[in-house]
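For the record, the sequence lines run as chains A and B.
Reading the first sequence from the start, the letters are residues 1 to 280 in our numbering.
Reading the second sequence from the start, the letters are residues 1 to 311 in our numbering.
Watch out, some of these pointers could steer you wrong.
Have a look at the derived ranges for each label pair, beta carbon to beta carbon [claimed, not checked]:
id, chain 1, residue 1, chain 2, residue 2, range
1, A, Leu258, B, Phe33, 19 to 29 Å
2, B, Phe33, A, Ser25, 25 to 35 Å
3, A, Ala246, B, Ala89, 48 to 58 Å
4, A, Ala214, B, Arg265, 25 to 35 Å
5, A, Ala214, B, Ala238, 45 to 55 Å
6, B, Gly159, A, Ala246, 53 to 63 Å
7, A, Ser25, B, Asp111, 38 to 48 Å
8, A, Leu118, B, Glu190, 58 to 68 Å
9, A, Gln115, B, Ala89, 34 to 44 Å
No lab work stands behind these hints, which were simulated from the structure alone.
Just so it is clear, CB atoms sit at the ideal spot from N, CA and C, and this is done for glycine as well.
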Amino acid sequence: MTWHVAEDDLRLYAQGELAPPLLWSADAHLTGCAPCRARLAAAADPVALDDAWERLDAELDAPRPSPVERLLVRLGVADHTARLLAATPVLRRSWLLSVLFLLVMTVLAVRVADQPTLFLVLAPLLPLTGVALSYGPSLDPTYEMAVVAPLHGFRLLMIRTVAVLTAGLVCDGAATLALPGYGLPALAWLLPALALTGTGLALSTRLGPVLAPALVGVGWLALLTVAKIQTQAHGTLAPFTAVGQAAAAGVAVLAALLLYQGRDRFDARPLGGFHDGGVV
Amino acid sequence: MTTASASGPVPGHSGRVASGAATVTAADLSLRFGGTRALDGVSLRLGHGVTGLLGPNGAGKTTLLRVLATAVPPDGGRVTALGHDPGTASGRLALRRTLGYLPQNPGFHPDFTAFDFVDYVAILKELTDRAARLREVRRVLEAVNLSDVRGKRLKRLSGGMRQRVALAAALVGDPGFLVLDEPTVGLDPEQRMHFRELIAQAGEGRTVLLSTHQTEDVAMLCHRVVVLDRGHVRFEGAPAELTARAAGRVWSSTERDPSARAGWRTGTGAFRNVGDPPKGADLLEPSLEDGYLLVLDGDGDGDGDDAAVAV
């Protein structure tokens, strides 16, 4: 053994107050280290020690968390929240790789055409799509169990939304760094991304988790088409001008307010139905 | 929801509860989707123990279970379960805290292990304290005899084992009301037998509603049975009462009797007929299945129709 559990950690462990990931390290170490087990016995009263052994037993029963969960816990996310996020379909590696591939291709196309418009059009759609695919019956196989769980539907939605939005924005942000020649205007996707995602969520309680983001996405493309028609050949499209950015910020705030106001609807009835085509 | 009384006897039905007072009542539930009335004035009362919900495909069983499990609100009528009214936000939350639900097609995250999955459901059930949660996950996995495969990924488990994992998830938190939607579908006879034992254990001291196609499940597990057909309750009572519906109305013949409401060839080669027997017919001891067929054919609690039974 090259290390032993620190005295303070051992005391917290005996009291059941040692938090992951230190808890996992202590568990793993105590199973193989007789001296530390003896110190634990000396540091704890018998009742607390019995509890600790029972807890250790249960910990040993639990399979090792996935690398994503371990990373999230190390970043300070509570272990139960990390597990909820691990069950989010679009946080899986396959989805993230698809997004990265799409962004790389877009960045390459932008460099060839020497025009950032394609990237600015596409980037806001990625968080919108990701968030739309992170809840609802179409991609979440345990949706029906989640609907009847006491954990508030809005809370689960927000936990997943924040995670997916963060992942989407980080991907978009990384792609922006690959376009340094365009400076700040290359970040003009950010506010539309927030506006589209917020609007898609706010509308989903009325239109369902598929139709709402689909309509918002189509609306975004329609808006850009109109803007393109009204803009001269190399001019900036209206949504990416200062006025357009202010409008996007306003829409994002309004959508957030509407979403919060309608939060209980996420709990009262399922969004869009069940994966077997059942009733809504 | 309307405010129909949930405390009195259910109109049109016996209102008998085999063991003690009603713990779950539904009064005049209706739910329409598209052009279909999935539930049309459904009323029932459940007590402790396992109640079987029988009915053909499209009878509305899954919809009824979803309404009782708070997955879907009804268009009309009222539910009271374990003293909670799921028509209000606070009542719905209180009921969800004491509810176990096994949907007809429980979905799984394939990369989760059995332990991960039950742990995930435990978190959805607000068990956030890690030590308490792990103890509970271990307890329910032991209860369904899956401790040995807790670390296996779900995609590597058999269908029967996955159903047991889903049952374990439903049992997290020791729920007072357990709603099981066709949990024995797709299981082989041995797995089905094992699953029935688990459900029988789960029924001790709690209210269990079990939806099934199989009269065998009801005969072996349930102290009470409800027959649902096209959104209507056709029968509510003890399994023995359902069997008694067919007393003197089951007979044997060498050829299919055209006067029978239903008839089928048995293992002996003779035909088993159900309906109004001709004089001098060779009467047979009725089974639960015979009573069920007759109830579906319009011999129910009064609002059945004369639709033919396909056998």
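Verification of the hints:
1. A/Leu258 / B/Phe33: 19 to 29 Å: holds, 26 Å
2. B/Phe33 / A/Ser25: 25 to 35 Å: Violated - the Cβ-Cβ distance for B/Phe33 and A/Ser25, about 52 Å, lies outside 25 to 35 Å.
3. A/Ala246 / B/Ala89: 48 to 58 Å: The hinted range 48 to 58 Å is violated for A/Ala246 and B/Ala89, with Cβ atoms some 37 Å apart.
4. A/Ala214 / B/Arg265: 25 to 35 Å: violated, 54 Å
5. A/Ala214 / B/Ala238: 45 to 55 Å: holds, 51 Å
6. B/Gly159 / A/Ala246: 53 to 63 Å: holds, 56 Å
7. A/Ser25 / B/Asp111: 38 to 48 Å: violated, 24 Å
8. A/Leu118 / B/Glu190: 58 to 68 Å: holds, 59 Å
9. A/Gln115 / B/Ala89: 34 to 44 Å: violated, 51 Å
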